[in-house]
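K.L.:
This is what each chain is made of:
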Amino acid sequence: MINFLMSFSPSFILIFAGVLAAFIPSYPGRKGLMIGAPTLALVLLNMIYLQAGASGTNEFIGGYFNVAGIELTTLRIDPLSWVWGNIFAFAGILNGIFALHEKCKITDTSALIYTGAGIGAVFAGDLITLFMFWELLALSSVFIVWRGGKESYPAGMRYLAMHVLSGVLLLAGALIYGKETGTYAFNHIGIDAPGGKLLLLAFGIKAGFPLLHNWIQDAYPKSSVTGTVILSVFTTKLAIYALARGFAGTEMLIYIGGVMTVFPVFFAVLENDLRKVLSYSLNNQLGFMVAGIGIGSSLALNGVAAHVVVDILFKGLLFMSMGAVLHRVGTAKASELGGLFRTMPLTTLFCLIGAGSISAFPMMGGFISKSMIIAAMFEEHHYVVFAMLLFASAGVLEHSGIKVPYFAFFSHDSGKRPQEAPWNMLLAMGIAAFFCLYLAFPWGGYQVLYNLLPHEVAGEAAFSPYTADHVIFQMQLLMGAMFAFTLLKRFGLYPPERRAQILDFDWTYRRLGLNIVKWIDAMWGRLGAQIKMLFGKMFGGIGRRLYQVFSPAGAFSQDAPSGMAAVLTAGMLAAALLSVYFF
Amino acid sequence: MAKKPNKHPQGLTKKQAKERTEAHPLAVPFLWLGNEKVIKNFIFVPLFGAILFSVLGFFYPLHHPAPWDFFASYTLIGFVAYSFVVLCAWPLFKLLARDENYYGEGGDD
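In order, the protein sequences belong to chains A and B. Numbering follows numbering that gives the first Met the number 0, with no gaps: position 244 of the first sequence is 243. Numbering follows numbering that gives the first Met the number 0, with no gaps: position 20 of the second sequence is 19.
Treat the hints as calculated values from the structure; they're not laboratory data. Treat the hints with care, as some may be off.
[What the hints assert, rightly or not] PhoX-like, lysine-lysine: derived pairs with alpha carbons at most 20 Å apart:
no.: 1; chain 1: B; residue 1: K13; chain 2: A; residue 2: K415
no.: 2; chain 1: A; residue 1: K488; chain 2: B; residue 2: K14
no.: 3; chain 1: A; residue 1: K488; chain 2: B; residue 2: K36
no.: 4; chain 1: A; residue 1: K415; chain 2: B; residue 2: K17
Put together the whole structure using the sequences plus the hints.
P.N.:
Encoded structure:
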């Protein structure tokens with residue numbers, strides 16, 4: 000039985016469980032699948048990896064399928080994919096616990112298939128398998144977006160359009176790459192490889208590259224309470240995996256990542272919807288990862304993998320805490336919240352742990368992983384991007400470290416006295432919070448994180464986070480930023496939270512593009528009407544003429560004068576004679 | 000005629016007593032966080048922290064300093080970067096904020 004289960008990707012267990020969930024009317028049964036299937040997948044992938052390790056290799060390749068003459072590899076577990084597989088399966092369990100209270104068949108089914116597609120894509124050994132799971136990921140997740148209600152429908156359509164586009168680019172890139180190189184194996188590709196630019200663009204859409212990022216802030220905050228938590232895990236982190244696998248060391252990514260860390264900071268400070276603030280924050284954290292991939296050194300790639308692990312935990316935790324607020328209060332708008340720590344103390348505590356982790360306070364998750372990426376950037380002498388990352392670190396403290404917990408749980412007393420979050424939400428948040436702290440714990444904690452990383456943390460990848468100088472300078476940065484917050488707040492220079500729609504690049508297609516299409520449509524309609532009128536006039540004129548000539552009342556029906564008839568006959572005779580003479 | 004006491008038997012004002020009644024039991028020991036005085040004086044916590052870590056930075060300098068490093072440079076970077084981001088929000092809001100239903104799709108909640 001075990002050998003049978005180990006002969007294919009653990010992702011199929013989740014996908015099968017998802018399909019099964021669609022037909023199970025029993026709510027406890029579905030919830031059992033929501034937690035049981037990712038747990039089984041987690042156990043299996045580790046058994047397979049351990050078995051490979053026991054046979055002296057750190058890579059397991061299997062799960063072969065032959066489709067249309069192409070051999071597909073659905074199971075490739077190596078040190079890189081193992082990290083992602085583990086954290087995806089673990090996040091699947093957390094999501095299952097967080098969503099225990101929700102009696103929604105669509106969410107349960109979609110979440111299971113979505114998780115399975117994410118794990119399947121990570122274990123894909125070739126580009127065609129990657130494409131299939133890539134598309135399944137998009138199709139399964141759009142239903143989670145649509146669970147947000149009527150308003151989420153257009154956002155879901157835009158989300159789907161972007162992800163289908165990403166899939167089409169991936170397929171095109173894969174086919175060109177396969178044709179030119181003779182292999183579809185998904186290993187390092189590089190931007191100069193045939194189809195490389197298309198593949199980079201496909202991955203870039205899902206990773207939220209600048210100007211391609213809006214689907215994140217558009218769709219995620221519009222999903223349901225549990226939907227946003229589920230969505231925040233897989234799609235973007237899969238893109239990071241694909242970039243790390245295919246484009247590590249691509250210098251362009253250093254600058255793209257640098258820009259990604261900085262620009263969301265300015266939007267996050269403007270936003271009133273705290274789930275949207277977190278969506279911008281997600282983009283900002285992805286920037287750190289993309290920049291790390293661009294460097295491509297062992298230290299940087301370890302930093303990226305570590306940051307993916309802790310980001311899934313602390314970002315999930317932050318989204319969960321805002322989900323709990325939305326669940327209890329009915330809104331996640333900063334302008335409507337405040338003072339909730341009085342009745343939601345545990346949610347407040349968990350949110351503060353998430354906020355501290357993302358801000359990279361010592362002893363909390365992000366401190367280890369973000370520092371690895373920044374240190375790698377420094378080692379490679381990319382001082383401009385290094386400075387951008389420092390700037391972004393202060394920005395992260397602003398939007399996720401301070402703004403989210405402050406406006407939801409402290410700030411002014413909104414007078415709202417909601418109940419504490421349901422037990423299942425608290426349990427999921429508690430587990431995530433525990434790991435945020437544990438994986439940064441100096442005595443035996445971060446070493447566990449190190450054991451997960453794709454490269455051994457030694458030699459050129461060696462990194463000691465808890466040196467006095469590192470802790471002190473990180474605290475300097477954070478204390479300087481926190482002092483700025485208190486000072487600006489004290490002097491009334493911190494902008495108030497106001498309800499508004501903040502325009503971003505999506506304005507170009509949601510308003511400008513839409514108006515251009517509407518204008519073209521109107522012009523086309525007018526042009527059509529003009530052409531119709533012109534043709535109408537033209538054919539109407541010809542018709543009138545013909546009528547005037549041939550109708551019963553027309554010229555041909557009238558009695559012609561004999562003189563005219565004689566002239567016509569003479570003319571016809573002349574024409575006949577001439578034609579006979581010359582031809 | 001005796002004046003009606005406006006204090007709670009435990010020495011709390013009516014507002015404090017009501018707040019305590021409404022609060023989650025685990026939050027009761029932390030209700031002082033909502034006190035105006037505490038909020039107003041919280042500024043001294045990061046100020047003290049910034050001074051402390053700046054001084055410590057003098058004794059434990061970075062092993063690999065950046066080209067621009069000087070005394071308390073990271074404190075200054077944090078302060079300036081944060082202030083810049085927040086102060087930019089004023090003109091950016093004027094430039095980018097529109098009615099909440101600008102796209103005609105309703106709010107996000």
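K.L.:
Please go over all the hints and tell whether each is borne out by the structure.
P.N.:
Outcome of the hint check:
Of the pairs offered as hints, the one joining K13/B and K415/A holds, with about 18 Å between alpha carbons and a cut-off of 20 Å not exceeded. Taken as a hint, the K488/A and K14/B pair is broken in the structure, with Cα atoms around 25 Å apart against an allowance of 20 Å. Taking the CA atoms of K488/A and K36/B, the gap is near 14 Å; set against the 20 Å cutoff, the hint holds. Restraint check for K415/A and K17/B: the C-alpha separation of about 13 Å stays at or below 20 Å, so the hint holds.
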